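Q: Put chain B on the given structure of chain A with help from the hints.
Protein chains in written order, with the numbering used here: chain A, 1 to 521; chain B, 1 to 453.
Just so you know, these hints were derived from the structure itself, not from any lab. Note that this is a predicted model, so its numbers are computed, not measured. Incorrect hints may have been included.
What the hints assert, rightly or not - Some, not all, of what chain A presents toward chain B, calculated at C-beta under 8 Å:
id	residue
1	Leu18
2	Thr19
3	Thr22
4	Ile23
5	Val25
6	Gln399
To be verified - Here are a few chain B residues that sit away from chain A, every Cβ distance over 10 Å (derived from the structure):
id	residue
7	Leu262
8	Phe324
9	Ser385
10	Ala415
Note that CB positions come from ideal geometry on N, CA and C, so glycine has one too.
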Amino acid sequence: MTGHRAGRRIGPVRSALLTAGTIAVAVAYMVIPTAAQLRSVVDNRQATGVARSSVGGQEPPAVAALPAAPLAVLRRLPVAETDAPPLILAYHDVSPSADRYTVTPAAFGTQMRLLAEAGYRTVTTARLLDWMAGGARLPARSVVLTFDDGVDGIFRYADPVLAQHGLTASTYLITGAMRDLPGYHLSWDEARVLGASGRWTLEAHSHDAHRRIAIDKDGRTGPALTNRAWLPAAGRLETMDEYTGRITADVAAQQADFSGHGLPAPRLFAYPFSAVDQPVNDPQIPAILRGVVRQSYAASFVNEYGAATSTPAGVATGELRRIEITRSTTPAGFVAAVARGTALPRDPKVFADRTVWTADGDRPGAAPVRGRTTLRVPAGRHVRSVLAPGRTTWWTDYQVSARIGGLDGGADGALLALAGTPDQIQVGVSRGWVTVRRGSGAREKMVAQRGLMPAASHRVAVTVTADGKVRAEVDGLVVLDASYPRRAGSWAAGGIGVAASADPATAATVLVDGLRVQRLT
Amino acid sequence: MRTTEPAGRPGRAGLTLIYAMAAALVIGIVFVKAFTVRDFGISPFWALYSVVVTGYILSRFLLAALYRPRPPALAEDELPSVTIVVPAFNEQWVIARTLRACLEVDYPADRLQVIAVDDCSTDGTLAVMGQVAAADPRLEIVAFDHNQGKRYGMAAGVRRARGELLIFIDSDSFVEADGIRRLVRYFADPRVGAVAGHTDVANSHTNLLTKMQAVRYFVAFRVYKSAEALFRSVTCCSGCFSGYRLSAVEPVLERWLGQTFLGSVSSYGDDRSLTNFLLPDWAILYAPDAQAYTVVPDTLRTFLRQQLRWKKSWIRESLRAARFMWRKHPVMSLSFYLSIALPLLAPQVVIRALVVQPLVLRTFPYWYLGGVLAMAFLYGLYYRSHRAEDLWLYGVFFALFYTGMLVWQLPWAIATLRDSRWGTRTSAPSREPRPVVDLPAPRGAPELERTPA
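Extracted from the complex, chain A is given alone in its bound form:
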């Protein structure tokens, strides 16, 4: 515009400064509040020990100092040297929420760092399946990380931690609950991003069966997959055919959802509520359910709370066991959980840890003290102490031996091999007799019995090998040399234990000295 200079004239310098000023104000007006906004969001996340999404290439902040004692315990944890199953951990949500199954981001970061610093490496899904199919054995400190329910928290909070430590994991999606936008569950886009990151594989957790349904006319509820549904309109439970149809349809719907969203088909399945054998309202269900899962998936997971490693029989049918990590898991508790899920080596040095010996009903059992296990048996009763049955599921090709003494007064002491399995070998010695029993519980059968030179103690040795051969010797005498073929559900693998029973009239103290185990391979 030409012309008017009404009002005071200002010099060109002042004019330029004023223009610069308005531009500066405009820039500050936009930049400062925007930066403040972004920073407050980051601060908010850091306060919860959490990072921005690692998919955006951001590094998570350093977690507070690692607790030293749990780390030391973890580093010293004995790991099996054979083809033992890997440690598998079961997580659900990782977020600040206060739910029982939700691990806080800070706790998760600490746990992953403990694992990393103790030398653990994660096993990818492909490697795990390869191992299950008889492929290369896994490194000694292997861990499989699994996250059930496919919740949004793992995208926001867990993934950055995994990225930081170079870990891999798998997540189990409830496809029926997933939408195009994130909510409690991951969105499809987020799932896709996780899958594409190379750190995650996307697996199955049922389409719409992660819920409880009415299982009788009184309205009692049970997991949808392990119960025949109560049909109120028909006034009856669904038939087995209807049940089978329902669970088959759920699997099909899930796989259709995966492929419909352009994702590779899931190969692993985690049972909702970890329910397979119970609770069920029909005894035929577990077999049918397992059958359906086996047909559609290469492997499935069941959670355990106590000591649990996968069994050979389970692995052969594609079933793996995992340890659950919950909100209340402290660093020390985490290390204990890792220990519970770690297979023990066939080495007598593991006997020293008193916590690995269990009696019946998960009570602690008698442990060797300076080489001697003392079993005090009340009159007419039976006492056992088994070495971590959940952690010795893969023990085979070993010889266990000990000297069993204190056999005066009608006491009976026994050495167990393949303890707790259907093939359990129990070599029981009394002063003048040896009795070998096979099987456990109701199936226990006597398979051999011989007289012995009466003595207050006897030396017992049992050898089991993977091909099903069992050899038992007492005082150098072979009392059993048999070969048991593998059956479905039996695997000639299991751990060791000691047991004793007392005469109805007298209590007894049976001594087991020099308990030793020696691997043959």
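A: Relative to the frame of chain A, chain B by itself:
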């Protein structure tokens, strides 16, 4: 000149439905905002903003509903003398219609003066003015020999005015036949210094852009200006159609012309600026029944340029008015300061909703989009309740347009505050506007030649 009535209100059943929908919407909004209270723990600032902005907008509707002006009817001999001033620059296609509308108002001829000011147009505007004057000698023409800006055009009209009241009408605004008569009634109160008339969009049906503006204009006048007029402090008497008392304008004329801001001459926002000179000492009202129609930009480029100009004048004039608005009624005062603070926060609100929330926090901005759409529907329903037209849905488009485009003009407006170049219209000859189909051609004089001399 008698034009068609604005499209009438919908029937009783239709109105009931609309009011019910509006009530449900308002209740829903209040309910939802009540839930926002929970967010105070998480993000107090944004929760507060959300509540405040909702309250502010709803309060505009409430206050507007309370504004029921009853200006006295004036007898013929009580009607004051009036001077209509029409400053024009490169408006050869519409100026004839504008001026004919002014000349044909229903007002005593001896008390009506019409002055057209040509700001040295480079097209045929002056020639067209001459043609109109030839047909109706009452028209007085002032022709500038060099371009001086709209403000000087208006001032030229002021200096030649003989009437008691000045009515400024934009060169592309068409006043209704009874518009002047209705407007002047508001000046019966001697404390009233200026009155804003009601202006609707003339070319509302041209395209999406003009349809959006139609809804926005309607609500901006009927709701926002009414809310201000309730306290007799309308902050901007729009240049399209407003009346001023000559005795109020003359003392401030020189200061208004000489207004500078940050060292440059203020060449835009003339209407808002002039109102601001009167605002401290005079009552400024709004006449919802005095009707005019204005042509609004129908291309994105012109629209955005206009909006940028308006933002710059808004910034400048709001800073001025902030110095004395605290003396007004407390509700007016609070409303005014909120009306500055809330738009200034808008860019950050949008960044939070459309950038921070989805990309960083990974949450969908339900609240923000829901709030924006709810307000848009409220605007639309308000429009629909007064006009039986299909345009109400375009309130939604406007809300989205605002979020996407207009809100980002604010930093640009701040950065270019000193740039007066866009204060005047372009010097290129205006292109022929699309036909304004709503209103019939002015009666009386034969159709004028449209080619420039």
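Q: The structure should be examined with respect to each hint, and the outcome stated for every one.
A: Now the hints, each set against the structure:
no.	hint	in the structure
1	Leu18	5 Å, holds
2	Thr19	5 Å, holds
3	Thr22	5 Å, holds
4	Ile23	5 Å, holds
5	Val25	6 Å, holds
6	Gln399	57 Å, violated
7	Leu262	5 Å, violated
8	Phe324	21 Å, holds
9	Ser385	35 Å, holds
10	Ala415	4 Å, violated
Checked against the numbered hints above, the structure breaks hints 6, 7, 10 and satisfies the rest.
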